[in-house]
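Visitor: Sequence:
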Amino acid sequence: MSDLTLWTVIISLGVGSFFLRFSFLGLVGDRPLPPWLLRHLRYTAVAILPAMVTPLVAFSNEAGTGPEPGRLLAALVAVGVGMKTKNVLASIGSGAVVLTLYILVMG
7 MSDLTLWTVI ISLGVGSFFL RFSFLGLVGD RPLPPWLLRH LRYTAVAILP AMVTPLVAFS
67 NEAGTGPEPG RLLAALVAVG VGMKTKNVLA SIGSGAVVLT LYILVMG
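Using the numbering used here, the letters of the sequence shown map in sequence onto residues 7 to 113.
Hints may contain errors.
Said to hold, decoys possible - Label pairs and their computed distance ranges (CB to CB):
1. Ala51 to Val103: 35 to 43 Å
2. Leu31 to Met89: 29 to 37 Å
3. Met112 to Ala57: 42 to 50 Å
4. Pro38 to Leu82: 40 to 48 Å
I should point out that these hints are in silico values taken from the structure, not numbers from a laboratory. Source: prediction; values computed, not measured. No residue lacks a Cβ here, since even glycine has one placed at the ideal position from N, Cα and C.
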């Protein structure tokens with residue numbers, strides 16, 4: 007990929023991101039949103055973290071064909087702790103500790 011292509015993609019994504027945010031905040035920001043939209047927006051933050059982590063767990067080996075046991079174990083522990091405690095930081099921390107211990111023990 008050439009430098010020109012890379013910078014074109016970066017700038018285009020930045021401009022697109024700005025217009026997406028502006029369309030929501032700048033054009034609609036001073037009006038109340040309907041209750042059905044507010045209800046759906048509540049789940050946006052909950053969906054972001056799993057959407058970022060799932061590909062890292064599901065395609066974590068060198069070939070990108072399946073999960074590594076350590077990452078899968080850490081993800082399962084994080085999900086279990088999150089369901090039990092309803093605490094995001096405890097969930098993230100437990101997954102990080104399990105993954106770190108797995109890497110230290112298994113090499």
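Visitor: Each hint should be assessed against the structure and marked as holding or not.
Guide: Hint check:
The hinted window of 35 to 43 Å between alanine 51 and valine 103 is violated, with their beta carbons roughly 24 Å apart. At about 33 Å, the beta-carbon gap between leucine 31 and methionine 89 stays in the expected band of 29 to 37 Å. Between methionine 112 and alanine 57 the beta carbons are some 28 Å apart, a value that contradicts the proposed interval 42 to 50 Å. In this structure the hint that proline 38 and leucine 82 lie 40 to 48 Å apart at CB holds, the actual value being about 41 Å.
Of the hints listed earlier, those the structure fails to meet are numbers 1 and 3, in rising order.
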